[in-house]
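The listed protein sequences correspond, in order, to chains A and B. Taking our numbering as reference, the numbering of the first sequence is continuous, increasing by one, and the terminal residue is 321. Taking our numbering as reference, the numbering of the second sequence is continuous, increasing by one, and the terminal residue is 321.
Think of the hints as simulated: they come from the structure by calculation, not from any bench. Take the hints with a grain of salt, since some may be wrong.
One copy or any two copies: either way a pair holds, since identical chains are not told apart in the list.
Result set (DSS-like, lysine-lysine): computed pairs, CA atoms no more than 25 Å apart in a straight line [said to hold, decoys possible]:
hint	residue 1	residue 2
1	Lys-244	Lys-128
2	Lys-71	Lys-244
3	Lys-60	Lys-128
4	Lys-216	Lys-128
5	Lys-128	Lys-242
Number of protein chains: 2
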Amino acid sequence: MFRTQICDILNIEYPIILGGMVWVGRADLVAAVSDAGGLGVLGAGGMTVEDIEKDSEIIKAKTSKPFGLNVPLARPDADELINAAIDCGASVISTSAGSPKKYTALIKDRGAKAMHVVSAAKFAKKCEEAGLDIIVAEGFEAGGHNGFDEITTMALTPQVASSVSTPVVSAGGIADGRGFVAALALGAQGVQIGTRFMASAEAAAHQNVKDAVVNMEDSGTAITGRTTGGPARCLKNKLTDMIVAEEAKGTPPDKLMEMIGGGRSITACLDGDCDEGSIYCGQIGGSITSIKTAGEIIADIVSEAKQVMESLNSL
Amino acid sequence: MFRTQICDILNIEYPIILGGMVWVGRADLVAAVSDAGGLGVLGAGGMTVEDIEKDSEIIKAKTSKPFGLNVPLARPDADELINAAIDCGASVISTSAGSPKKYTALIKDRGAKAMHVVSAAKFAKKCEEAGLDIIVAEGFEAGGHNGFDEITTMALTPQVASSVSTPVVSAGGIADGRGFVAALALGAQGVQIGTRFMASAEAAAHQNVKDAVVNMEDSGTAITGRTTGGPARCLKNKLTDMIVAEEAKGTPPDKLMEMIGGGRSITACLDGDCDEGSIYCGQIGGSITSIKTAGEIIADIVSEAKQVMESLNSL
Chain A
7 MFRTQICDIL NIEYPIILGG MVWVGRADLV AAVSDAGGLG VLGAGGMTVE
57 DIEKDSEIIK AKTSKPFGLN VPLARPDADE LINAAIDCGA SVISTSAGSP
107 KKYTALIKDR GAKAMHVVSA AKFAKKCEEA GLDIIVAEGF EAGGHNGFDE
157 ITTMALTPQV ASSVSTPVVS AGGIADGRGF VAALALGAQG VQIGTRFMAS
207 AEAAAHQNVK DAVVNMEDSG TAITGRTTGG PARCLKNKLT DMIVAEEAKG
257 TPPDKLMEMI GGGRSITACL DGDCDEGSIY CGQIGGSITS IKTAGEIIAD
307 IVSEAKQVME SLNSL
Chain B
7 MFRTQICDIL NIEYPIILGG MVWVGRADLV AAVSDAGGLG VLGAGGMTVE
57 DIEKDSEIIK AKTSKPFGLN VPLARPDADE LINAAIDCGA SVISTSAGSP
107 KKYTALIKDR GAKAMHVVSA AKFAKKCEEA GLDIIVAEGF EAGGHNGFDE
157 ITTMALTPQV ASSVSTPVVS AGGIADGRGF VAALALGAQG VQIGTRFMAS
207 AEAAAHQNVK DAVVNMEDSG TAITGRTTGG PARCLKNKLT DMIVAEEAKG
257 TPPDKLMEMI GGGRSITACL DGDCDEGSIY CGQIGGSITS IKTAGEIIAD
307 IVSEAKQVME SLNSL
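Here chain A stands alone, though its shape is the one from the complex (with noise of 0.2 Å):
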């Protein structure tokens, strides 16, 4: 059951990859993840080579599936991440956030499936240039870090689809069964999850993390850095009430910037402050009512998607 391309290449069960979540997508997630069939992939936006190294042996231990890892190009030692996940049994390596052209033969030379990030269909058409394995049409409503032109997953998958024959994985609103089964209708081969996983029990983000994501609404997010830093969707709270104020009021970003200061995701993911720290987060969270394992998130996902199959096909 809705086995497509995806799984030949990635070579799982289904076509369901964990997104890469900073703090948050850690050895248990990506373990539990892949285990039950999907593509777990480290988010390695804060993780040093060594957290890679330790993380690895821990998803080992646990699963003898494949598991990936994400990249934000934005790391200067963005290689040397790669190159140790390589060496630890990664096979597939996400990149988002720069040009897909620069490590792309890196990933390919090593024997790793090369995936890329895009907000857009013309960035779709250099990964595809580019020779990358899976293009990721991320939307406008997934959390963290997305595109200016704020193109929204339904519009962007069908025209990411018509414009690449690369295979094409929708990622942004997805969280159950109809998202699923929406993301293949719209011609994406697979789908890519952060939010739904964020709340589960395996995710390393702190309990009130979760909490939050359980008790959200549909309009509980925030883009905050359109001015300042790059747009990044989060969760409401104090933090990015102060951030969009302060970007409406034209403060220059540097002197925001210092307002702000670092650390903020650790603020949220790890110390569990909601209030004062930065939480990615998509807008589809206001549909997530619990905290549920990785493995029955995967199995509900099938499950509910092959109901939808059945009502469709009933009419």
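Position chain B against the provided structure of chain A, taking the given hints into account.
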């Protein structure tokens, strides 16, 4: 094929509703959509009672099938427009940008069906309390005015569908059979489509506007009015560049309104000036590559939707 509750409520063949489009959705387009089995809806934003009477005569001369009227509730004479439309045979009234409670009793007492457009689940609950027959969940990718919460179709549709038992129609980002099936998978029982029908033979828009939609890319729209007049998605042009730049500079709303002046939709839609005029347009416009008749658009959506279902069933 694809017969849902929406078809029974509206007495139509396919659950495809024409979005209300000011200066664009006039008699010829409304008649063509209805005659092809969807629901044609007059975009009454710029219309007088006399316009409604005239257009209704044309529609009824062209088709015996049901048609509707969309009224932005910003119009102080909304009740007159609604009464005129029902007098003239409209069987469905769609309202937007205001309280769903205000005219529901009037519409239903007169025997017409009442639909209201919402941008977040909290508003959908209010529609259900108000007794609306159909709730239209319209995402951030849609052309024209949209909600301050910027919730996208992919995130909004399932969250609205889960929060009410009233039938839901999905709008924003839908232009073909892929989007149609995706919307149904997300829990909607139908779709509302604007931009795709703007680039139709029967649309009242100037040929230059239709050509501009055919030539745009997925990143070809911008939100204006984030600080002035309320957010609205438009085709990017000289006018939107100016507005976005002034808003970023913090130009006061009244001064910016003075710079913009009135009638900018007329400048584009009727006079064909696509630089200085305002063209409401959704992100999915980038997927539109030719002008078709409304009948062809509907037939193509249905036939592509069948192909999408075959492809999903083969997985």
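Evaluation of the provided hints:
1. Lys-244 <-> Lys-128: between (36 Å within a copy, 22 Å between copies)
2. Lys-71 <-> Lys-244: neither (41 Å within a copy, 53 Å between copies)
3. Lys-60 <-> Lys-128: Cα proximity of Lys-60 and Lys-128: none, with 38 Å in one copy and 45 Å across.
4. Lys-216 <-> Lys-128: between (35 Å within a copy, 22 Å between copies)
5. Lys-128 <-> Lys-242: between (31 Å within a copy, 16 Å between copies)
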